[in-house]
Amino acid sequence: MAHGGGPPEGGTGTPRLASDRRRRAPPARARGGEILIEYSALIAGGVVFETWLLALVLLRIRRTWTRVVFAPLAIAYMLMGGAYVGVTEGFLTEGWSAAILASLIVAHPLTAILALSLIHGEHLPRRRPAGLLLLIPVPFLLLLAAGSGWSRADLYAPSPLGAFLAICLASAVAETVYVRMTSPLLATDAFWINAGLVALLVAGPIYSFELEALNFTEAAGSNVAAPFALLALALAAFHSEPFPAAYPRHGRRWSGEASVGEGLAFVFDETKPKYASAISRLEASKGRPVLVLSRSAEPPRLTEGRPLEVSLIPDRHAGLRTLGTAAEFLMRRPGGLVVLEGFADVVAIAGWPRASDLLLRLRQLVADSDGTLLVSTSRLTEGERDELRSLKLPWWVLPDPGSEAEAILVRHFGTGAGRLLDGFAHAHALRREDLSTVHVEALVHFLHRALGDLGRGTGDARAVEGLRAQVERAARDLRSFAGRHPAELSAGGWPSQEDPRPEEQLLVRASEYWKGKEMEELFAAAQGLAERGSLHELARAVFVEHLGDAGESVFRSEIAKLGKRPEDLLARDLARLADRAAVDLSVMADVVDLAPEKDRIRRQIESLRRGLASLAGDDA
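Here the sequence shown is numbered in my numbering, starting from -8 and rising by one per residue.
Hints listed in this document are in silico derivations from the structure and should not be mistaken for laboratory results. Accuracy of the hints is not assured; some may be wrong.
Claimed, not checked - Simulated pairs of lysine-lysine, DSSO-like, Cα-Cα distance not exceeding 30 Å: (1) Lys277 with Lys263; (2) Lys552 with Lys589; (3) Lys383 with Lys552.
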């Protein structure tokens, strides 16, 4: 039979092809009446909603892969609905039915791929590569549909085309049902995605048979559930939206030498995330992309050679957003390092079942992207630590740097060496528990300054030389400890665990040889340094606290304008310092056009004034 031919009306033989059905079909409005008009209005309203939803996703969603898949999917459904209304209401010719058919063929595999992407993230091609195979039949089906004269009525008929469309939706439904049952973190989103997919099935393959039974076949080629399905997918995308940050541009996989294993996850057992922070800075200094997730209040910024610090926002989807943030970062910069300093916050917000599921998915994520995950146990309860151990991740028990530094100083200066550490902490506006390996060089410099002050005094030259040797040995041991890798430290051998060796006992007890006089003078010199240096260090800390990384440079600039050295700063100078800084920052606020930025700078000025006034006290 030639294409377009067929037996006469009412005759026998093979069924008429779609082209005959289209040619002999009566006008749609004559058969549908008011019901068809109302149905078309419903579909048109859905197209308007889909357009708004697409614009919202493109403007608000940061995840690249989600936007790449969602945009063509929404456009396909919009084209399907718009062409259907146009053909049905007579605005468009019957030739636009081919566009309806093509849009549905494209939309179904994209729907399944987007659903799988929202579950498995940007690394779907590695985790579920079979999902992308759904796109392979699309060009062949489009060519076959154009050459065989398929119509809208053939969409869900028992045929290869109908089977393909049903398989696309069914495969995604099966995956979401499995995730719903096995993943505490993704269970809620999997439910809504599944609801959207089931709605598409009901309003598509299942609904088409109902429409034919009701003699309302004009609805073929439309899917009234498309807006609901897109809404369910968009909700899942918004729930896993990454935290605000200045994410790096897409780049090649980092291929440098890492100080921690690639493709692995590690747990740093520490009271505060000191070693995790040290490793993140070390890796960033090598040029490795580093993401640090914590409850820091500082605005996230991307600086070359420094980690990207992102604040965990305490909302009901914090676990999903943490996963989305890490996935987006590692997709842009494969081979990067993800440091989860605020894991205790995620546990407190999301609960342990979701938090543990998050860790397992992050471990798979870094394995897929050749990255590394570091998790700090800071602020976890003992019960939560026990639960974390059950995940069988590599576990490194690490010492407290402050305690180890004190143990080193005690070894060289006796039990009174704690006063040296107290003086250093006071001079640098630190608490003892905040001391970490990054402060070692500053501590060594502090010891040398204290020794220099003692040498300029009336101390005995022979005693000063003896103390100088003590300081050099202490500095050597402090630097040696700070240079040890966490993997080495986790094996033990900490300074606090070592017994003094016989030759060191003589050095540690130098205070007995010097009758305690010179050692006390060293402690007194250190205390004097702390008292002189504490005011400018505290003022600098106020600037950094309220202005972020720029606070250091602003503080030094304002000190220079006062014509003073930092160490010469007096309490009465703080009011002038606050006034000058307020003037300069106000000029900056006037230049900024954005009202929120103006308000933020003004708030910083007021908080800076209050901080300096509190520091000055009654001496201002």
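Item checked: Violations among the numbered hints, reported as their numbers in ascending order -> Structure breaks hint 3 only.
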